[in-house]
Amino acid sequence: MKVSVPLSALLALLLLASCAAPSAAGGQSHTVTLLAMDTVMELTASGEGSEAALEEASALIARLESLLSVTDEDSEIYAANHSGGAPVPLSGDTARLLEQALDLCGDIGGALDVTVYPVVRAWGFTTGRYQVPEEDALSGLLQLVDHTRISLEDGVLTVPDGMELDLGAVAKGYTGDRILDLFRSSGVTSALLDLGGNLQTLGAKPDGSPWRIAIQDPVGEGYAGVVEVENKAVITSGGYERYFEEDGVVYWHIIDPATGCPARSGLLSVTIVADSGALGDALSTALFVMGRERAGDYWRSRGGFDFILLGEDGTVTITEGLEDSFSLYGDWSDHELEVIRR
Amino acid sequence: MKSTKFWAVLIAALLAVSLAASFLLLNSRSGSADAAVYQNGELLRTIDLSRVTAPYSFTVDGPAGVNAILVEPGRICVSHADCPDQICVHQGWISNSVVPIVCLPNQLVIQITGSARPNDIDGVTK
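In the order they appear, the protein sequences are chains A and B.
For the first sequence, counting from 1, position 3 maps to 203 in our numbering; every step adds exactly one.
For the second sequence, counting from 1, position 122 maps to 474 in our numbering; every step adds exactly one.
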């Protein structure tokens, strides 16, 4: 039997090419999808060391979740919440995040409170067994909502007996910040993190253009607007994310710490554009509680971030820093757009 | 001892297969939309939505019960679920990679990869 040499050589070459093609066509961008912190996370990184950095990021996420989870009995937060008022030492990450969170609560003055957890649970948002709490039960629980009574000194946390801390409002943003720190030191030059709908970016896209991040239409299927960013976190909070209906009334999961009831400030969603994910995470919740006017006042007094508000009346309000990078989209294209200036 | 003709035909067939394989691999980044179905982090199956001709459905079992998944040409959805919040069912169809369908109680994720996405959006904040 004789098979011609050129033919067999061509065959071998083609088989080899088939093996090599995927890595050649794949380029330098890598993506990891995982389930963590009760949500889906998708991390994309490009540049030197991306693959290794993504693996480290997965491990980092798992570690942070085990420290911060309010329901995991082995977490530090759980320990502090069930210590009967005894002091609990915290590891570096937990302490750092808690300090940031408590500072923000103090700065924001009422619209954000990390001790609102017992109230959120009374509404059933933690279990899915939704219910409208009785008024006196709610007043009782409101006594336990007061971030100023949390003590954090030299990394030791004391949660007064009966009170409960939950860092859920800032945990994903903090995690994103830590992942991007890791990426930067690994040589990654471009990255996009989608942590359960929290978007955080490093640099621009691999082709040099800005990342185009769409804002979910709170009342429709598509998008309300698009903002172009580089090196920014884009984080949204809205009642539409988790809600239930009872006797024709809609109740959502963003609770006003002052009333213990869903915040009804005339907004459908708040999107924050900021350098830090932890800040973006916290402010998106706080500004939803505040409403348009208070949000504008807070921005003027503090600065350091930008926002996009989608109002129940259909009005879109943005801060002047986003004037050139934001545009309305789809069904919201003809809505009124107002720009807030200093 | 097989004839030369037999071997010629066999080699030609192998050649054709590897040519086709190379072609498919090198072009796999354009025009296809693969829906990957994960349960508890494990990939159960990948469906090339661009090659679906007739609708069909299948079920996935999880800790909170069953998800029924409906597949049509170019799109996929969860048509029924035993979970209490029904978020996965309310989400409806997806046909691009921008947003996955997720059923947290059942640890189910349906994620579309491939280039069938609106090419002017990189991510959706929600």
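You may find that some hints are simply not true.
Pair by pair, the computed Cβ-Cβ distance ranges are [as the list claims (entries may be wrong)]: (1) A:Ala286 <-> B:Glu424: 25 to 35 Å; (2) B:Pro436 <-> A:Val449: 17 to 27 Å; (3) A:Gly420 <-> B:Phe410: 41 to 51 Å; (4) A:Asp534 <-> B:Asp472: 44 to 54 Å; (5) B:Leu395 <-> A:Gly420: 45 to 55 Å; (6) A:Thr271 <-> B:His432: 48 to 58 Å; (7) B:Ala360 <-> A:Arg384: 32 to 42 Å.
A short list of chain B residues far from chain A (calculated; beta carbon distances all over 12 Å) [as the list claims (entries may be wrong)]: (8) Ala406; (9) Asp413; (10) His432; (11) Val454; (12) Leu456; (13) Asp472.
Examples of chain B residues toward chain A, derived with CB under 10 Å [stated by the list, open to error]: (14) Thr398; (15) Ile399; (16) Asp437; (17) Gln459.
Because the hints were derived from the structure by calculation, they are not lab data.
Ideal placement from N, C-alpha and C gives every residue a C-beta, glycine not left out.
For each hint, the structure was consulted:
In this structure the hint that alanine 286 of chain A and glutamate 424 of chain B lie 25 to 35 Å apart at CB is violated, the actual value being about 57 Å. Between proline 436 of chain B and valine 449 of chain A the CB atoms are about 20 Å apart, so this pair conforms to the stated range of 17 to 27 Å. Restraint check, glycine 420 of chain A to phenylalanine 410 of chain B: a C-beta distance of roughly 29 Å breaks the suggested window 41 to 51 Å. For aspartate 534 of chain A paired with aspartate 472 of chain B, a C-beta distance near 19 Å fails the hint of 44 to 54 Å.
In this structure the supplied range 45 to 55 Å is violated for leucine 395 of chain B paired with glycine 420 of chain A, their Cβ-Cβ distance being about 32 Å. Under the hint 48 to 58 Å, the C-beta atoms of threonine 271 of chain A and histidine 432 of chain B, about 28 Å apart, miss the expected range. In this structure, alanine 360 of chain B and arginine 384 of chain A break the distance hint of 32 to 42 Å, their C-beta atoms being roughly 59 Å apart. No Cβ of chain A approaches the Cβ of alanine 406 of chain B within 12 Å, the least distance being about 25 Å, so the stated non-interface status holds.
Chain A leaves aspartate 413 of chain B outside its interface by the beta-carbon criterion, the shortest separation being 17 Å against a cut-off of 12 Å. Every CB of chain A is more than 12 Å from the CB of histidine 432 of chain B (nearest about 18 Å), matching its label as outside the interface. Its closest Cβ contact with chain A, about 5 Å, brings valine 454 of chain B to no more than 12 Å, contrary to its assignment away from the interface. For leucine 456 of chain B, the requirement that its beta carbon stay farther than 12 Å from each beta carbon of chain A is not met, with the minimum near 6 Å.
With a least CB separation of 6 Å from chain A, aspartate 472 of chain B falls inside the 12 Å interface cut-off, contrary to its annotation. Evaluation of the threonine 398 of chain B hint against chain A yields a violated restraint, the C-beta minimum of about 13 Å exceeding 10 Å. Of the supplied interface hints, the one on isoleucine 399 of chain B is violated, with its beta-carbon coming no nearer than about 16 Å to a beta-carbon of chain A, more than 10 Å. At a threshold of 10 Å, the smallest CB-CB gap from aspartate 437 of chain B to chain A is about 5 Å, leaving the interface hint in force.
Taken as an interface hint, glutamine 459 of chain B checks out: its beta carbon lies about 7 Å from the nearest beta carbon of chain A, inside 10 Å.
Violation of the numbered hints given earlier is confined to hints 1, 3, 4, 5, 6, 7, 11, 12, 13, 14, 15; the remaining hints are satisfied by the structure.
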